[in-house]
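> In case you want the letters, here they are:
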Amino acid sequence: MSDLTRMTATEIAALVAGGETSAVEVTRAHLDRIAAVDDRVHAFLHVDTDGALAAARSVDERRAAGEELGPLAGVPVAVKDVLATRGVPTTVGSKILEGWRPPYDATIVQRLRDAGTVMLGKTNMDEFAMGSSTEYSAYGPTHNPWDLSRIPGGSGGGSAAALAAYEAPLAIGSDTGGSIRQPGAVTGTVGVKPTYGGTSRYGLVAFSSSLDTPGPCARTVLDAALLHQVIGGHDPRDSTSIPQPVPDVVAAAKLGATGDLTGVRLGIVSEFVGEGAEPGVMAAFRESVDALAKLGAEIVEVSCPTFAYALPAYYLIAPSECSSNLARFDGVRFGLRVGDDGNRSLEEVMSLTREAGFGPEVKRRIMIGTYALSSGYYDAYYGQAQKVRTLITRDFTTAFERVDALISPTTPSVAFPMGARTADPYQMYLADLFTIPTNLYGGPGISVPCGLSEGLPVGLQVMAPTMADDRMYRVAAALESAVGTFTPPAL
Amino acid sequence: MTTTLPAYDEVVARYEPVIGLETHVELGTNTKMFCGCPTDFGGEPNTRVCPVCLGLPGSLPVANKAAIEAIIRIGLALNCSIAEWCRFARKNYFYPDMPKNFQISQYDEPICVDGYLDVEVGGETVRIEIERVHLEEDTGKTLHVGGATGRIHGATESLVDYNRAGIPLVEIVTKPIAGTGSLAPDVARAYVAELRDVIRTLGVSDVRMEEGSLRCDVNTSLNLPGQEWGTRTETKNVNSLRSVERAVRSEMLRQASVLDAGGRITQETRHFHEDTGDTTPGRSKETATDYRYFPEPDLVPIAPDPAWVAELKAALPELPRVHRRRLQQQWGLSDLDMQSVLNAGAVELIEATVAAGTTPAAARKWWLGELSRRANESGVELADIGATPKQVAELQGLVDAGKLNDKLARAVLEGVVDGEGSPTEIMTNRGLEVVSDTGALTAAVDEAIAANPGIADKIRSGKVAAAGALVGAVMKTTRGQADAKTVRELVLERLGVQG
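Sequences listed follow chains U and X, in order. Numbers 86 to 576, taken from the numbering used here, label the letters of the first sequence in order. Numbers -14 to 484, taken from the numbering used here, label the letters of the second sequence in order.
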């Protein structure tokens, strides 16, 4: 049998379904791979060896008993440490939740289990999903498998790196401002931010409730679609979940893979192809646009002038919501508690706990958000940012009257060296310049590998109208069929 | 510190009070506001909890539709406009009994606004304007252990019970109520009483003040006539109707004594003490907490379908005031008579007695007469006196059937109140039935005539009024168990005199 870790989820599922390999064998291969490379990559915060093997055995038994299993049964998945997993440590990359084992599963985790996938463990992330490099993880950074001295993107660097390092064929991420798509772009993998409300947030430890969107990560567009289909759809436990079925993203990915985009109109976002992006990124992007045109797509340029204000609006809305969402981490009910020596007041214990438990970027955003929501400043900051959000949404809906989908580079640059931007938060924030508008709007976005620049992967982003996730899968799969996938150098 | 408080009459002669009431009502829904945990009162600490009402990381709220229906019905009963679109908001502050360190409430978009509730005070109708009615979640309860007072001061440990966390709470806020003068305490009480009756009629809460399912904060301020309203204080821990009245009065007196001495009122929260009837200062509100309200992003807006709201409105039960009006008319009572029925807390009792077949006049007579007297004597509410409407109706039935006269009926009623059984049982057991056998009665009358020949002659000569003496004699020999009217007729008949 050839190396199971090099296979796509689709291939693995077929082998397991056909009895040519077992879920246990597949799981062992990936656990072995993790053991071999993860001390260098550090994609995982926790590897659930026993849980994974038990889940795999259960799949094999069910198959042996003749049960009909789902399309991803027996396929290993790595889950970002932002999702609650019953009995399995969930830290959100923060010291404040060190040792916390949730008493419940996130809806997505439950759906993964029900589908017979095998959860390998929890992947590294910037603390509370705040960051673009995974360097803000309280448990040390993740390294980009393409170049271990470079960042794997963030906040979901762990999930993306696990895919690029062949530690897992599938992963779950969460995208608040680009945390799935940007890591996908810089690791040469596929990252999908579904329509807001298309995937359940129940059990996703909140950063910014109105923006957080869990989604699939994979090495191919079809694999991402299969995972999307499993985790997506209405969840009555999430009030913001859309009560509609998932668009048929698998069929769309298969249609796209035929390489025909005749009749599809794509709009290049003018604002994102100016001086904001590196020349090497722009070159790869232009070549991809030519490829898309060759597949029959009609290419136009579309101006979305308000996108220029997306970053400042985002850095008011997301911190505002996080300042409230993170208030519950006070040492009273779960997680870290510092200074409770019987002499200190409750307030002192809460303060000491939060002082010790939160890292610098989290504190920075809590302070920004607290300020932006405070009486007398609310209208000027949070209120104003919400208005900008409305305008950005309007730009999207206007654009989608003209085109089927918007395209842009996913990120302005390829993976930057570790440490290059930690001293300058604004430079770090710029990594999400092209991905943030989609979050403010609520529509879906996908990053698909489109080429290399200086030997490092470049991603192309496709953005679609809300609940038209299938549309972007079709375009991404078509591009993938034209440019192929990209394999990092051996570790 | 002892200060002599001014007399109430002097205070209301010098100052004009402005009051306002914020009332919290725990809804009687089966489940909590944002999760499926049960809401029953009691239960071992922290047994009625889940990831959502404990605020565990990752958990999300989902609004309880039954609670939204309940608050809309309350809003409609209070003549409010119902918002076609509104949102929940987060009220941010740190406190251990708040699982998320923010409370899901409503801020500038309450679901019900601009209503009113008419209440009767001293025969007058006072319209209380309602500013807003909104929905929020209750907090947990903190228990401070080790201190002498059960308060946080001096405690060695604090325990938190989250069973109450997330129970749906409706907050009803009045607009400032001015111009009620010396009646301000009565108006406050009448408002809370009326509100309680309205909500009870709707069946959305058991509105028990002693169990905390109806809680009241009372705002009070004083100003000189013609001048701006004064600084207000907010009195909490007001747990009975009587306390509402006392809290307003006590705060009026206290503020007047401060103002009389040239002092100024501090804007603060004060605590009412049931035992002394005083208020003491709590936390000062001058350094106001910034709650950093913002729309709750985890919940979709509430957008009740206007057709549904119209349906709810059409299906509202008859509200207490209208109900009372109708009863007053049916019972043929003057405003004054109706007021005494209300004051006695006898409306529902009389209504039930009438429903059991008694005339309104008779039902009112028993409840406002004998039974009210007994209730006053033993210091219990009329409803708790021990006699039921059904028993009162049965008693009156015996009177109507001529089996009991008024005096005997009172004796039977005493037995009912003392728990001796049903009126019929008591009548039989105690042998209290009216002697209706005319043969025996005629014998007793003849006996009385024979024993009092002088009186008998007077009657024969036309002094009919003298018959009373013979009736009394007959009543005595029959130990009161005869019908006086029948006896009188018999006396006259036997003496051959026209009545």
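It is possible that some hints are incorrect.
What the hints assert, rightly or not - Once the Cα atoms are required to be at most 27 angstroms apart in a straight line, the calculated DSS-like pairs of lysine-lysine come out as: (1) X:Lys350 <-> X:Lys298; (2) X:Lys76 <-> U:Lys472; (3) X:Lys375 <-> X:Lys388; (4) X:Lys298 <-> X:Lys392; (5) U:Lys379 <-> U:Lys339; (6) U:Lys448 <-> X:Lys388.
As the list claims (entries may be wrong) - Quick list of simulated restraints, FRET-style, between CB atoms: (7) U:Glu432 <-> X:Gly188: 26 to 32 angstroms; (8) U:Asp199 <-> X:Asp93: 39 to 45 angstroms; (9) X:Gly197 <-> U:Gly427: 48 to 54 angstroms.
Just so you know, the hints here were simulated from the structure itself, not pulled from any lab data. No residue lacks a Cβ here, since even glycine has one placed at the ideal position from N, Cα and C.
> Taking 27 angstroms as the top limit, are the C-alpha atoms of X:Lys375 and X:Lys388 close enough?
18 angstroms, holds
> Is 39 to 45 angstroms a correct range for the gap between the Cβ atoms of U:Asp199 and X:Asp93?
42 angstroms, holds
> Taken at face value, is the distance from the CA of X:Lys392 to the CA of X:Lys298 at most 27 angstroms?
Outside the cut-off at roughly 49 angstroms; violated.
> Given the proposed pairing of X:Lys76 with U:Lys472, does the C-alpha separation stay at or below 27 angstroms?
Roughly 22 angstroms between the alpha carbons, so the hint for X:Lys76 and U:Lys472 holds.
> Holds or violated: X:Lys350 with X:Lys298, Cα cutoff 27 angstroms?
37 angstroms, violated
> U:Lys379 and U:Lys339: Cα distance at most 27 angstroms?
Answer holds: U:Lys379 to U:Lys339 is near 18 angstroms, not above 27 angstroms.
> Taking 26 to 32 angstroms as the stated bounds, is the beta-carbon spacing between U:Glu432 and X:Gly188 within them?
42 angstroms, violated
> Mind checking the hinted window 48 to 54 angstroms against the Cβ distance between X:Gly197 and U:Gly427?
Check failed, 31 angstroms falls outside 48 to 54 angstroms.
> Under the criterion that the straight-line Cα-Cα distance not exceed 27 angstroms, is the pair U:Lys448, X:Lys388 satisfied?
Judged against 27 angstroms, a Cα distance of about 86 angstroms means the pair is violated.
Hint check: violations occur at hints 1, 4, 6, 7, 9; the rest are consistent with the structure.
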